[in-house]
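Novice: Listed below are the residues making up each chain.
2 protein chains.
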Amino acid sequence: GGSHLLMFIPWEETQGCIQPLQDNRSVCPQQHWAAEEVQGNASMEHTFFSLDYQHVQVPFEITLWIMLASLAKIAFHLYNKLPSVVPESCLLIFVGLIMGGIIYGLNDKSPPVMDSDIFFLYLLPPIVLDAGYFMPSRPFFENIGTILLYAVVGTIWNVFGIGFSLYGICQVRAFGLRDVSLLHNLLFGSLISAVDPVAVLAVFEEIHVNEKLHILVFGESLLNDAVTVVLYKLFRSFCEMPAIKTVDVFAGVGKFFVVGIGGVLVGLTFGMTSAFTTRFTKDIRVIEPLFVFLYSYLSYLTAEMFHLSGIVAIIACAMGMKRYVEANISLKSHTTVKYFMKMWSSVSDTLIFIFLGVSTIGENHEWNWPYIFFTVIFCLIWRALGVLVLTFFVNRFHVNTVTSKDQFIIAYGGLRGAICFSLVFLLPDFRRKKLFIAATTVVILFTVFAQGMTIRPLVDLLHVKRKRESAPTVGEQIHIRFLDHLLAGIEDISGHWGQYYWKDKLEYFNSKYLQKFLLREYDQPKSSIVLLYEKLERKHAIELAEAGQLGHAPSHPSLL
Amino acid sequence: GGSHLLMFIPWEETQGCIQPLQDNRSVCPQQHWAAEEVQGNASMEHTFFSLDYQHVQVPFEITLWIMLASLAKIAFHLYNKLPSVVPESCLLIFVGLIMGGIIYGLNDKSPPVMDSDIFFLYLLPPIVLDAGYFMPSRPFFENIGTILLYAVVGTIWNVFGIGFSLYGICQVRAFGLRDVSLLHNLLFGSLISAVDPVAVLAVFEEIHVNEKLHILVFGESLLNDAVTVVLYKLFRSFCEMPAIKTVDVFAGVGKFFVVGIGGVLVGLTFGMTSAFTTRFTKDIRVIEPLFVFLYSYLSYLTAEMFHLSGIVAIIACAMGMKRYVEANISLKSHTTVKYFMKMWSSVSDTLIFIFLGVSTIGENHEWNWPYIFFTVIFCLIWRALGVLVLTFFVNRFHVNTVTSKDQFIIAYGGLRGAICFSLVFLLPDFRRKKLFIAATTVVILFTVFAQGMTIRPLVDLLHVKRKRESAPTVGEQIHIRFLDHLLAGIEDISGHWGQYYWKDKLEYFNSKYLQKFLLREYDQPKSSIVLLYEKLERKHAIELAEAGQLGHAPSHPSLL
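Protein chains in written order, with full-length UniProt numbering: chain U, 1 to 560; chain D, 1 to 560.
FYI, nobody ran anything at the bench for these hints, they're computed from the structure. The beta-carbon is built from N, C-alpha and C at its ideal position, and this holds for glycine as well. Just to be clear, a hint being listed does not mean it is correct.
In silico BS3-like links for lysine-lysine, alpha-carbon gap of 25 Å or less [as the list claims (entries may be wrong)]:
#1 U:Lys342 / D:Lys282
#2 U:Lys282 / D:Lys338
#3 D:Lys338 / U:Lys342
Here's a subset of chain D near chain U, in silico, CB distances under 7 Å, partners left out [as the list claims (entries may be wrong)]:
#4 Pro59
#5 Met67
#6 His77
#7 Leu298
#8 Met343
#9 Gln515
Some chain D residues well away from chain U (every beta-carbon gap over 10 Å; in silico) [to be verified]:
#10 Ile98
#11 Phe134
#12 Ser137
#13 Gly145
#14 Gly176
#15 Glu288
#16 Tyr339
#17 His365
#18 Leu385
#19 Leu390
#20 Phe392
#21 Leu506
#22 Leu544
Model the full structure from these sequences, guided by the hints.
Specialist: Now the structure itself:
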């Protein structure tokens, strides 16, 4: 049977494109055969059906993979009951596990693992771009302090907590783990602590918790990338150094700021350039959507190139450009951007979970019960403790308190995913790498399956505040805007420069300088209520058109 | 200066992915440097700014190329006068020539040429898909006989005409071309005869001739792919054979039908599967547009894999699926499909012309004045003669006559483009390959620049019938439908089974079987006037929404 082989070549093939094959996992037989076929063609050109598979191999198999992922998604939704009980991510991992098992059984060697380069360069950016572009900016900025606290302090807390306590476990002679050093445990802690945006999004989009809770967990999972990148690289280089100097530790601390703030700056630069570019696309509407994608992707790649946080960069880029781009491009271009982004991230997401399942099967694992068991336990404990302690401080200094129900969901929603998985495979080869891979796989499967599947019943059980379904009314929007200005005024008078003060200043800077430079049609800044009215009108017209109700309206002279 | 190098690596790099580098055009210095940098990182992790270019190289440079193409397009449109005089394709080739010249000057070696695999696998399909999906099916099928005659007989006529007359030129001792055999001349004729859909589309979309004339030239350029593929491969294999048997020639004739009809069948199979798949996407609208792209691309790749005509397959797929897919998917998905297709094909188109310019520069050419001069002359003469002779027969047997003005534009619009260019580079190495490359380049530049730039003034001068700007009215549409049925009745009674008879039968088969199987919501076939009304209503509502006029309508209770 060559057909199962056929499905799995692209993986090694594409890997070959990006980096030289590190492990010579053999030139696959398919390729030999294809090469012979081509040879055969030259001498026997007039056969009616000849096959040249090698020629189309790469695009053909990439397309087939995406097709498989999309069809799997359709299949789940045909049974309405299934997705309402089990999150889609679990189902997809399950499909991957089955496929991995089939390949392993037929092929008698481990199925190929998800390539880290493909993950970080091609699969992750669309998801993060989608997340950043549609990030609700108001709740995000209102809670930015809390999010940063969870993302930075919380992640460091988890890394050191898990690292040190696992080191403690390693000291127990009976477990046979004495050779795992503290640094290796910290390195493992740094890769296992990162809450995964893809996994969080997949689960939280289905359970519809209130906006604030959603943004707290999701924002943390996005912004902890900077911390994870720094700690992971720091410990990895420490592991390879003969001796660690104090200066190295301080440099590591400095790097936090460089990686995070650098990412924001790279992102904003590309975002503003993108907004500026769309000023000039009036005559060629057709390529407008392209710039949104190109500049965002460039910001991600540029940040990665300079070892900054690509995730932070693409989010800053997307959030920075959004309002100007939307004002410059046509409505249809905007629809294209929106739906294509959603489509792309959905496909990436699906592929990631399927590959995660496939990669789980095989002989990459070293099983050590105590280490794996305690990894899961410590991940749960340290996250719960971290959320408790940090929320205590948040509730002391912040007006909007995080309730104890919210705290539970935040702690429980700390899902791990493909980022951990890719990071553990990126580790340099050392004796216990397979143990780390096994532990990471178990933690991911545990969080996605056990926590992911039970979080919905728990949300129901605890009566966690849900997302309001209806959009805010015009009255509410006016009220919110009025309050913003009032609070900015109060902050200014009282001399306390809080978020409303800065928001007001930023808005002033925006309408005074940025808009003039970045928007094409800049006359006078329209009153916010006029803008709101226009927006509602447009939305309404499209809804009418889709429902086909416009025809029943009494008078439309232009039809006659 | 390393920056100019940086821009040009992807080409060789990506080439390396798809096929092993045939000419060891050296590992570029950039890559060495990147590799060193990575090495350096391991020991000096705490430097604040380190650069890892190799890691992001492939996606980064592909993105930069697309960005360059898009920005070039914007730049042209900033000067409103330029695109109205010079076709965009010429401007883009010009940009490519300049870039090629800069690279050649700085680098002192020929800039990389457009890779044929990249062209056929990645750049051509989006353009053909766009063309096929938005092909006006009525004029296409009304003129299918004429189009096929031009595409099949016309192309064969050109191939043999150009091939034999160039062989005659080669017999002149003074020209020093005695070593170019008849078979090589015919092979050259087969690759230079193909009218290029990309070039034709680029020019004809700007000059707005009437629909029939447009479909005649454009349809020919698409459907001649089957003929070109067969003849090119046939002559190429003949060139390598020691002796040609009669059976080979007959097999070649048989292949025409296999390649063409096989392409249509592959395309229709994937098209129907695509329509069937979209029946089940109601609950996951977000990935609907994906299937249109995936199935079309698979049809192209599958056809190419079996040495059938990929262009014919993708057109059959797109035209076959369109009406069912449009009925199944949501309006927003449809907008996404439409605009993304347009965007993608526009980018591909731009890249092709830029690369065409870049590839022209360098030392790939062998200059022989007589051969090149006579190639251009023969291309013009044989095309003109072919159109005259074929139109003579068309006008005898067909009701809609092709006027002499139309004939002139058809002959003059036979532009050559990137397909010829890619085919000439795909030739096996032999002594005169560089001469063929030079001749092909000159023919392409001559047709695109000289003919492409003068065709608009000629269309004005000859008063060629233009495209009507307004859409047909409801009355006209009803009238056309009524006439169709009437003519089908007349044909049935008179026993003459013409196009109306077959159209009627196909429509019956469609509403009786296909629609039930392929459409999700199939109740009763709606009367065509109801469908038309709904379509107009929807269009109108969107126009209103875009113009923001809906707000001035008197009563909208849902807003309150």
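Novice: Given His77 (chain D) as an interface hint, is its Cβ closer than 7 Å to any Cβ of chain U?
Specialist: holds (4 Å)
Novice: Is the Cβ of Tyr339 (chain D) more than 10 Å away from each Cβ in chain U?
Specialist: Violated, since 4 Å does not exceed 10 Å.
Novice: Against chain U, does Phe392 (chain D) keep a CB gap of more than 10 Å to every residue?
Specialist: About 34 Å separates Phe392 (chain D) from the closest Cβ of chain U, which puts it past 10 Å; holds.
Novice: So is Ser137 (chain D) really clear of chain U, every C-beta pair being over 10 Å apart?
Specialist: holds (22 Å)
Novice: Lys338 (chain D) and Lys342 (chain U): Cα distance at most 25 Å?
Specialist: Holds - the C-alpha atoms of Lys342 (chain U) and Lys338 (chain D) are around 16 Å apart, at most 25 Å.
Novice: Would the hint linking Lys342 (chain U) and Lys282 (chain D) be met if the CA-CA limit is 25 Å?
Specialist: holds (16 Å)
Novice: Taking 10 Å as the cut and beta carbons as the points, is Ile98 (chain D) off the interface with chain U?
Specialist: holds (21 Å)
Novice: At a threshold of 7 Å, is the proposed contact between Met343 (chain D) and chain U supported by beta-carbon distances?
Specialist: Status holds, d = 5 Å.
Novice: Can the restraint linking Lys282 (chain U) and Lys338 (chain D) be considered satisfied, given a maximum Cα separation of 25 Å?
Specialist: Holds, at roughly 18 Å.
Novice: Next item in the hint list is Met67 (chain D). Is there a CB on chain U closer than 7 Å to its CB?
Specialist: Result: holds, 5 Å to nearest chain U Cβ.
Novice: Does Leu544 (chain D) really sit off the interface, with its C-beta more than 10 Å from all C-beta atoms of chain U?
Specialist: violated (6 Å)
Novice: Taking the shortest Cβ-to-Cβ distance between Leu390 (chain D) and chain U, state whether it exceeds 10 Å.
Specialist: holds (28 Å)
Consistency note: the structure conflicts with the earlier hints numbered 9, 15, 16 and 22.
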